[in-house]
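Visitor: The listed protein sequences correspond, in order, to chains F and G.
Residue numbers for the first sequence, in the working numbering: 1 to 196.
Residue numbers for the second sequence, in the working numbering: 1001 to 1562.
Worth flagging that the hints you see were computed from the coordinates, not collected in a lab.
Idealized CB from N, CA, C, for every residue including glycine.
Take the hints with a grain of salt, since some may be wrong.
Distance windows between CB atoms, simulated [claimed, not checked]:
1. Ala1017(G) - Glu162(F): 54 to 64 Å
2. Phe175(F) - Met1402(G): 40 to 50 Å
3. Arg165(F) - Trp1096(G): 45 to 55 Å
4. Leu2(F) - Pro1549(G): 20 to 30 Å
5. His99(F) - Met1402(G): 51 to 61 Å
6. Glu45(F) - His1090(G): 19 to 29 Å
From the structure, some residues in chain G lie toward chain F, with a derived Cβ separation under 7 Å [said to hold, decoys possible]:
7. Pro1216
8. Gly1322
9. Glu1329
10. Ala1358
11. Ala1362
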Amino acid sequence: MLRAALASVVAVVVCTVVLGFGYPALMTAFAQVALPQQANGSLIERNGRVVGSSLAAQSFTWPRYFHERPSATSPAYNPAFTTFSNLGPTSPALRKLVHTNAEAILRLERPYNPGLTIHDIPVDAVVPSGSGIDPEISIAYAHLQARRVAAVRHLPLATVEELIRRNTWGRTLGFLGEPGVNVLELNLALDKLGGT
Amino acid sequence: MGQGTAQILVYAVVLVALSYPLGIWMARVYTREKSDVVERGFVRLLGRDATTDQSWKQYGLSVVVFTVAFSAFLYGLLRLQGHLFLNPDHLPAVPWAVALNTTASFVTNTNWQYYAGEATMSYLSQMAGLAVQQFVSAGVGLAVAAAVIRGIARRGGGVGLGNFWRDLYRSIVYILLPLSILLAVVLISQGVPQTFHGHVAATTLQGAHQTIARGPVASMISIKQLGTNGGGFYDSNSAVPFENPTPLSNFLEMLSILLIPFAQVVMFGRMVLARRHAWVLYAVCFAIFAAGVSIAFPSEQHGSQVLRNSGVDITHTAQQSGGNMTDKEIRFGIADTALWATATTDVSNGSVNGGHDAFTPAGGAVPLVNMFLGEVEPGGVGSGLYGLIFYVLIAVFVAGLMVGRTPEWLGKKIEAREMKLAAVGALAVPTMALVLTAVAIVTPAGLASVLNPGAHGFTETLYAYTSQSNNNGSAFAGYGATNFSATLGTVALYFGRFFPLLAGLAIGGSLAAKKVVPASAGTFRTDGATFGIMLLGVIGLTAGLMILPALTLGPIVEGLMH
């Protein structure tokens, strides 16, 4: 018992030093030298100021921007406190949320997209993402918003569609995962293009 | 569905192709007589306890004392983090009940999380506290599995099972650490942060403020996956892009979940010189895994009741993955999330890349049943192997009764003592899960943790205690932390770890002392399809039937609702 206790105390110290400090320090040193952009959070700067990360959604409400998927974090799109919505498959709260979100999308998009109905809204546009900061929307949801953005910015629809295509992250190696459109990168590309 | 199915098949092929050589390597690690220079130094530093060939009791004592010592250290660290260094965001001490539960959760290889990592834990706590346990608890599991296997393989000449400290050293240095370094490097290249800088303040395109949490993430995520730990840096775990940024990172993390657990079955076959028998076990594990995916994937693609009735477009097209996208990420879609949920509960990992609470009734029942089977398909790093052995012994015993002979397994007679231990090992944990669920569902203090109304709330509770009892750690995350639920969980965590662990060691010790009986014409063969089907039946009947009544109160009722 005593022998095991002595060995345990020594092992706790050795493990903590080697695995708790040595290993992460080694990985950090490597990361900071070899891959600093990724290692520091894939931050995006514009005019010398950090405007966000390509791996985190942020709140877009203005009509001139593409909008993100809903988020369950508080406040929405909070990369310092991610969370699921945890709304079950039969949850009345989920039913209400889907309804409210769909109504809001129809109200916003219909002026530019007459004849739009709830059946045209892709599911990802009305339900919260897993992280609450999913940086992507489905290609379908991007196309749904394209007419509005083009109209508000006085850009040809084809130009906006081309930007969507360029900011789509495809399947890795052609078969892994699902394609999506990175909203922050797309909006940055739009701003770069100008338009009002 | 076709594209998703293709991905799942590729995953399965790569898994088999990699787990096989790794299993051979692991067998070599634990059977090698010679120790390297560092190991000799480590052993000398630890003193007499590390030099002897330990009996199962001595081995178990070392494990228990070591776990107690590390628990005390970790609890102290979490409570004192506010006064310590590497805390750039000035986070205060972790509240006592959460600290207690978290300590139990990480030292038992569970990683149930009653807290939001990025908002609760300092870098010091994440890195030098929790991530250390992700190595150590996995190392302990592997060490114990190696010891149990040595007992089974022993052919005369003492009853020793090896030495815990040496096995721990080898598990970490020769298996867990090299793989973690490799995976961390790839994850960083995909965008997982690895930095000691604190939060970043960003000004969004619309001029709002956004705080981005980062830290030494990659070094933790790699071992979290490889060591069947599951506890992430961020609250939403591997759904968060900073933990899992691309489909490639997702593929590799999913691979890491099942890699060592499947490899340890191969290792078992090599160490006990019964490769065909091990392949039968491998096939049984694989069959349960495949069955889970083939239920979870279509269920999630079909969508939840609310979404199907809402009128929005949930069809799978080239432009969207459709289906039940609630609490799922675009880049993973339905197939990768369903595959992950199945894999993470077939073993004791418990990390998630989407919210299980929002799964469809059938989709959510898959992880629940997986955990209830004791996660022996193939189970946690180390712990899954001795968990599987309990069921193998029960299957051998039942087969023995059928043919009317004393059961034998790998040349040793299986008698009353081994059967009692196997029954305790296999049944104690599911029993505890049901009892604790009952306690939590009939007390007001327990009901305070429930988020969703009705049958789904019952499922949340059942899931919480099943997950903690089985040391899985995945969650229907709506189930909230109270002092009551955290303390009840702590009990589940420690007992869930040590009941099977000590029962496994005792079986190893008991078999080590037995004489070898040569196989005869009447010996029931354990290396063919008949035994595989037998084992599947035993797993289904023992644990499966225990959970069926509870399932009818939760997911089944829910599935019948509109």
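Visitor: Which of the listed hints are broken here?
Guide: 1, 4, 11
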